[in-house]
Amino acid sequence: MTIATGIGSLPGDDAAAFDEAVRTVLGELPDLPHLPELPGRGATASMTGRTLALVGGLDADLQPAGWRLTGSTGSPGADHRRARSLLAQDLDAIEEQAQGYEGRFKVQVTGPWTLAATVEKPRGDRVLADHGARRELAQALAEGVAEHVADVRRRVPGATELLVQVDEPALPAVLAGSIPTASGFHRHRSVDLPVASALLEEVFAAVASAGAVPLAHCCVADVPAALLTGAGAQGLSVDLGVLAASAYDEVATLLEKGAPVLLGVVPSTDPATPPGEKAVVEQVLRFLDMLGFDPEAVAGHLVVTPTCGLAGASPAWARQALRLTRSVATSLG
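413 is the number that the numbering used here gives to position 306 of the sequence shown; each next residue is one higher, with no gaps.
Heads up, a few of these hints could be off.
What the hints assert, rightly or not - Keeping only pairs whose Cα atoms sit at most 20 Å apart, straight-line, the calculated EDC-like set for lysine to aspartate or glutamate is:
# : residue 1 : residue 2
1 : K385      : E403
2 : K385      : E135
3 : K364      : E403
Worth flagging that the hints you see were computed from the coordinates, not collected in a lab.
Computed from a predicted model, the values in this text were never measured in an experiment.
With the hints as extra help, turn the sequences into a complete structure.
Shown next as structure tokens:
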């Protein structure tokens, strides 16, 4: 059976919106609900702030340029404490509303390279510029994610399989050497593939060791699919509408192995003309035919999703997008 899920983010800017988001994912995505993310609540709920909330041993605070590490003092700043408190409240909400749920469940974290490209060192500039700092951050992330997996398992005991989606939207830019320095006048050096793989391996291995399934999400055209799967990602989440042909072979290999492939096919922001279910289904069928697969052969591990997170959508479209995603999955069989 083809199933549906969301990428992670939804619109909303307060606790009431988060509770509604939980009800929405549990109701509209019964086969693979996920822990919602509401970045509209501010920097402490952004993908960076939310993941820093998981990182132990490293403190951080908010600066005008964004999140900055402050060292290993054991005295996190007010914003870091707020991010941790907000995540705990979100987990309380999912624990309460998911009582009695049984099935697969998904959570999302920011990957090591996107963190390194968005978080500053204590004295400024990105962690990306410092080999030691980015390794330390990746190690702390790996430890934090393992603890997060254990916590989610405790809170959602009916989760028969836990999937951890590692979001790496900045990874292609890191590899291409196009991340700007703090001044904006220069770019950070490109990262070699073996170096990039090492930090990814750290996080993917931690997820797998904790008994969860590591997935990699990157919804840009030049997703480095072979790098991600080679580093230990056991599944991929991609935007089918922009996916470059260079990634097709890796997607086909995953489908052939029975690994989860999350295909983004429903617009993540309000479209001028909403696509019909038939058109979206045909888009997926054409892609599968191009790869040489019958829908029935991949139904157990093909997952239909919006093209990316829904934080930029209106609440009405976010709900409609998830309903459309589910109906497309049902039509695919």
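Outcome of the hint check:
no. : hint          : result
1   : K385 <-> E403 : 17 Å, holds
2   : K385 <-> E135 : 19 Å, holds
3   : K364 <-> E403 : 14 Å, holds
In summary, the structure agrees with every hint in the numbered list given earlier.
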